[in-house]
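Asks: Taking the hints into account, I'd like the entire structure generated from these sequences.
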Amino acid sequence: MPTWQDFQPFIVAGLALGGIYALSGVGMVVLYRATGVLNLSFGAVGAMGAFIAYSLIHDHGVPDALGYAVCVGFGGLVTLVYGVLFGPPLAGRDPLVKATATLGLALILLGAMSWIWSDKARSMDLPTSNSGFLVGQVQVNWTQVIALSLSIVLTVVTAAFLRYTNLGTAMRALANDREITATLGVPVRRVEAAAWLGSGLISGVAGLLLSNLVGLDAATLTFLVISSLAAALIARLRSLVVTLVAGLVVGLVTAMVTPILSISQYRDMAPFVLATVALLYLSGTKSATAARGSV
Amino acid sequence: MFALPPLFSLYWIDVFTASAIYAVVALGLSLLMGRVGLVSLGQIAIFALGAWVAARLNFGTSIPFPIVLLIAGLITTLLGTIVGLPALRLSGLYLALITLMLAGALTVVLTATNFPNGGHGFLGHTESSFGSTAVRRPALAESDPGYFRYTVVVAALMFGLALWHIRSKPGRAWAAIRQSEPAALAAGVNITLYKLWALALASFMTGVAGGLLGPSVGKLYTFQFPTRDSIILLAVVLMGGIYSLWGAVVAGMFMKLLPAILDSLNLPADLLTILFGVGVLQVLLTAPAGLAAQFPKDLARLWAALTRAFRRGAPAQERAH
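Chains as they are written, first to last, in the working numbering: chain A, 1037 to 1331; chain B, 13 to 333.
It should be emphasised that the hints constitute simulated quantities derived from the structure, not laboratory data.
Some clues are possibly wrong.
Lysine to any residue pairs mimicking SDA-like chemistry, simulated, CA-CA at most 20 Å apart [said to hold, decoys possible]: (1) B/Lys309 to B/Arg320; (2) A/Lys1156 to B/Pro280; (3) A/Lys1156 to B/Asp282; (4) B/Lys268 to A/Ser1150.
From a predicted model like this one, the values you see are computed outputs, not experimental measurements.
Replies: Right under this line is the structure:
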């Protein structure tokens, strides 16, 4: 059995990864609440942004900071364009159809990425990863600190935004009933566009951080969305704070299993198992129709 | 199907075999989506499980091949039912996401255990390339053309099974559920039973298809079942059309025949992934019945336009309208 010493480095790695899961989860929950769309292309958008930033920085000599800004901006732009083009025509359809449509975008981006950047393995190096400090005997780098603190800050800011601003209130109204909100004079499309843009920017940030912490690989980054989705699902696509906590827990559990050799190779199952158990447990008392009405 | 083998090289026959196998996988998903209105994003994982079970039985026992297929189908059915029973209480979106999660978990397990390749023990996997042998084929279909015919017969049986279900009581119950669950409930349809039945049937077909895959490719690896394939499967099934069984045939060809054709033209297969993405959006926005329904309509429209044009002797520009 591994000792406490063996676990320590993985706590840091787990919290950093969990921070990004939480970040992505918050981005998806905000969009889902405002527009009813579960954006399954979240990971692909971020990954594409990271690839573009990488190739700008390494092949075209663009300053690093500008490259990172392009990554985040690309996430916002693509998501916004998708939302403006395909959001309204699909607005009246089932949540399942809306989520399926975003898989179309994911496939387009995934195909484009594997086509353009399939030649060699890449890894994004952020300047924040090269310096850090020691906590006890564990090396912590600044990227990990940023990932964790950003997730907490973003959750608090978003929750406050939804509660205290007019735009946030409009988004919460949309989450309840799109038709009635429109009747009350809320510019529905503009509010939805704001949600798409915000969620897209978050996907860009998540993509940038993940490409450093996990590696720059199209398929891996695209399907890491499933792990982040686990956090959002545990929160039933509703509570931002629960998403944050769930994201951190998922990241921690996944990383903490690593030193236990007998189950180490099964560690990537953690998000899926946690999400499945949580979903089945939370839905335990509801009938099919009640569950549909409320979610 | 008997004319095809002499006309094509062995490479293309293998491609046709793969198309037929994936048509059965697509059939399972298209039944779920088109008939009952359930979406599963984990069909490729079930497919992989079927392939694993069949390969293990093929190496470990001398059970006749059709029985191996049947057992592979039944074990995946069991899994599909176990997954389905609690998940059916959730709404459509949540069910789809749970299947995605479980598929992810299953893929992690398969990555850790690998596929049987003639080794010892329960997992039947050996790391040494010396010990690894190809999955055996049925005695009456040792050659590639022979196995192609065998696959088509099994696939046809699966399509027959699907047709039989659609035409009889389960099909009517599914139609009622798809239209409106409360109405179906009021009409006395046992919703849980028939949804579960559909999941079990789809899992069975997918499992049998998995059993067919091993002998077709010889050696099985986890990378043959990437998560991306579950999404692409959904895309091709939507593009093929979920309301007609022909849609599944089209989907199988999209998934395996088109990449081979692109490859022979020296075009990157990633183009196809992009095309599938566009296809999903297009189908969801404008043509919910998919290509299998859209194409005959387009042909009919073209035919009508052509006949009209010839009757009038109109110039070519007008035909375009």
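Asks: Each hint should be assessed against the structure and marked as holding or not.
Replies: Right, here's what the structure says about each hint:
1. B/Lys309 to B/Arg320: 16 Å, holds
2. A/Lys1156 to B/Pro280: 16 Å, holds
3. A/Lys1156 to B/Asp282: 16 Å, holds
4. B/Lys268 to A/Ser1150: Between B/Lys268 and A/Ser1150 the Cα gap is close to 18 Å, so the pair holds against 20 Å.
The structure agrees with every numbered hint stated previously.
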